[in-house]
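J.: The chain contents come next:
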Amino acid sequence: MADQVLKTHNLCAHYGDFQALFDLDLSIAEGEVIAIIGANGAGKTTLMRSIAGLNSNNAEQIVYRDEPIGALRADQVATKGIALVPEGRQLFPSLSVEENLIIGGRVGRKGPWNLKALYQLFPILEERRNQPSTSLSGGQQQMVAIGRALMANPDLILFDEISLGLAPVIIKTIYDALPNIIDDGMSAVIVEQDISKALAVSARFYCLQEGRVALEGDSQTVEREAISRAYFGVH
Amino acid sequence: MDWINALIQGILLGGLYALFAAGLSLIFGVMRLVNIAHGDLIVLAAYLGLSVTIMLGIHPLLAMFAVVPMMAAIGYVLQRGILNKTLGDDLLPPLLVTFGLSVIIQNVLLEVYSADPQKLDAGTLEIASISVGDLSIGVLPLLTFGIAVAIIASLHWMFYHTSLGRSFRAVSDNQDIAQLMGLNRRHIFGLAMALALAVTAVAGVMLGVRTNFDPSIGGARLIFGFEAVIIGGLGNLWGTLVGGIILGVAQTLGAQINPGWQLLAGHITFLCIIAFKPRGFFPRVSG
Ligand SMILES: Nc1ncnc2c1ncn2[C@@H]1O[C@H](COP(=O)(O)OP(=O)(O)O)[C@@H](O)[C@H]1O
Ligand SMILES: [Mg+2]
Numbered sequence: 001m002a003d004q005v006l007k008t009h010n011l012c013a014h015y016g017d018f019q020a021l022f023d024l025d026l027s028i029a030e031g032e033v034i035a036i037i038g039a040n041g042a043g044k045t046t047l048m049r050s051i052a053g054l055n056s057n058n059a060e061q062i063v064y065r066d067e068p069i070g071a072l073r074a075d076q077v078a079t080k081g082i083a084l085v086p087e088g089r090q091l092f093p094s095l096s097v098e099e100n101l102i103i104g105g106r107v108g109r110k111g112p113w114n115l116k117a118l119y120q121l122f123p124i125l126e127e128r129r130n131q132p133s134t135s136l137s138g139g140q141q142q143m144v145a146i147g148r149a150l151m152a153n154p155d156l157i158l159f160d161e162i163s164l165g166l167a168p169v170i171i172k173t174i175y176d177a178l179p180n181i182i183d184d185g186m187s188a189v190i191v192e193q194d195i196s197k198a199l200a201v202s203a204r205f206y207c208l209q210e211g212r213v214a215l216e217g218d219s220q221t222v223e224r225e226a227i228s229r230a231y232f233g234v235h
Numbered sequence: 236m237d238w239i240n241a242l243i244q245g246i247l248l249g250g251l252y253a254l255f256a257a258g259l260s261l262i263f264g265v266m267r268l269v270n271i272a273h274g275d276l277i278v279l280a281a282y283l284g285l286s287v288t289i290m291l292g293i294h295p296l297l298a299m300f301a302v303v304p305m306m307a308a309i310g311y312v313l314q315r316g317i318l319n320k321t322l323g324d325d326l327l328p329p330l331l332v333t334f335g336l337s338v339i340i341q342n343v344l345l346e347v348y349s350a351d352p353q354k355l356d357a358g359t360l361e362i363a364s365i366s367v368g369d370l371s372i373g374v375l376p377l378l379t380f381g382i383a384v385a386i387i388a389s390l391h392w393m394f395y396h397t398s399l400g401r402s403f404r405a406v407s408d409n410q411d412i413a414q415l416m417g418l419n420r421r422h423i424f425g426l427a428m429a430l431a432l433a434v435t436a437v438a439g440v441m442l443g444v445r446t447n448f449d450p451s452i453g454g455a456r457l458i459f460g461f462e463a464v465i466i467g468g469l470g471n472l473w474g475t476l477v478g479g480i481i482l483g484v485a486q487t488l489g490a491q492i493n494p495g496w497q498l499l500a501g502h503i504t505f506l507c508i509i510a511f512k513p514r515g516f517f518p519r520v521s522g
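These protein sequences, in sequence, are chains L and S.
For the record, in the first sequence the residue sitting at position 107 is 107 according to this note's numbering, with numbers rising by one throughout.
Numbers in this note's numbering are just positions in the second sequence, counted from 1, shifted up by 235.
Treat each hint with caution, since some may be false.
With a cut-off of at most 25 angstroms between alpha-carbon atoms, the simulated SDA-like pairs for lysine to any residue come out as follows [as the list claims (entries may be wrong)]: (1) 512/S to 498/S; (2) 320/S to 58/L; (3) 80/L to 512/S; (4) 110/L to 13/L.
Read the hints as simulated data drawn from the structure, not as lab findings.
Just so you know, these numbers come straight off a predicted model, no measurement behind them.
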């Protein structure tokens with residue numbers, strides 16, 4: 001099915017003897033925005049790292065537009081058009097704000113995003129462009145992290161807890177910018193612990209619990225009670 | 236006057252030590268690799284310089300244009316073929332492997348070139364000097380110093396103003412996230428080692444022109460390089476030049492007091508400095 005941008009088949013992940021993900025089957029359609037929710041330690045970040053190629057898998061476990069990519073290295077996955085905004089921002093401290101953005105564009109894919117477009121989206125970054133990335137506030141750093149991923153002009157962008165540790169007003173700024181970002185037919189995965197934020201911007205969701213999908217469905221029609229049950233594992 | 240002369244000789248000698256150290260500093264900065272074989276690679280470069288000068292009948296400084304790309308190629312292959320496999324959270328494997336490499340290089344050099352001391356013949360350049368007042372400054376040490384400053388300046392510029400330098404800094408900061416930017420760290424590490432050994436090639440040829448060398452002298456060059464890097468502060472290339480100069484001056488002033496004290500004075504100065512400034516004068520890398 002070519003209208004699926006990404007599918008996982010029995011995706012598992014291990015850290016040594018510890019198994020973090022169990023046989024996950026997920027799919028994301030072209031242009032779709034899905035949410036991954038789940039409590040701390042549910043395996044959301046592990047899932048993002050697996051898709052991005054930072055955790056290794058069997059080739060067939062992750063299929064991107066009919067191509068098995070599970071066994072590729074992260075740099076190869078990046079050139080295919082998948083970008084990750086990692087949890088905790090993880091900017092390069094030795095690089096200035098602008099250098100962080102430029103290095104994001106290294107993969108050299110064509111598309112709407114470049115420095116100019118990003119500075120229009122987040123004008124504060126242009127003001128701060130020559131500062132070390134570590135001198136920015138948390139919210140501004142998150143803008144750089146998002147910008148860095150966009151610079152790759154990805155077809156699929158993964159956001160891992162972009163609101164973590166930020167003030168509500170900053171979270172609002174960033175979430176207000178999301179529709180502009182995800183326009184243009186880009187597909188997106190939004191990982192959040194804040195359930196209402198995640199459901200508001202997504203079409204479908206998966207709720208993870210201890211490395212398994214506990215619930216999946218339509219973000220707009222799902223009942224809150226069903227989510228609480230899946231989220232906390234009360235039966 | 237003797238003292239001023241010793242001081243100037245020491246500063247110029249520091250240039251050579253900075254050349255020994257720059258490659259070490261670069262690879263430690265990019266991939267946290269401590270290369271025990273670095274001194275032997277310097278000696279290998281001197282021998283390659285010897286072979287090229289003999290085979291082609293050219294001046295050693297000209298031979299450098301052949302030795303530099305040879306060493307760079309060796310660096311890339313060495314990194315991708317062996318050293319990348321040793322890198323990880325544990326610092327011990329790269330230490331052991333580069334130690335083994337050091338032994339192998341020494342033995343191969345011994346086998347191919349024998350233990351007889353060799354020297355690169357730079358002709359009249361070796362005795363040329365310029366007079367400044369009562370002082371006479373050798374052209375060769377001056378040239379070595381000039382080359383060292385030029386190389387450090389270029390490396391610094393490369394590190395902070397080019398796309399390759401940006402990739403080096405990014406990989407050094409966070410290897411995983413750098414991979415997400417489409418950077419293959421194995422390739423970047425290969426390039427860093429190639430660059431480090433290109434600098435080492437220059438260091439080896441300048442060493443061979445300056446003094447006799449034989450397969451066993453790598454260890455001492457490694458120590459001088461380490462001392463310069465640590466005095467200057469890890470991860471700071473200009474600091475490495477300053478470290479080299481401090482070490483060079485300490486040695487020549489020590490020798491001025493008593494000719495037998497040259498090396499001892501250098502090591503004691505190094506120990507005093509790390510006793511009071513354990514992170515060197517201009518540290519840039521934390522941890
Ligand atoms: N590097 C690691 N080594 C060992 N265990 C890990 C590592 N990273 C995550 N884990 C474990 O894997 C599980 C899932 O973690 P994670 O994917 O970070 O969850 P989430 O992002 O949903 O909070 C947790 O139990 C966590 O302790
Ligand atoms: Mg997480």
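J.: Could you check the structure against the hints above and give me the numbers of any it violates, in ascending order?
T.: 3, 4
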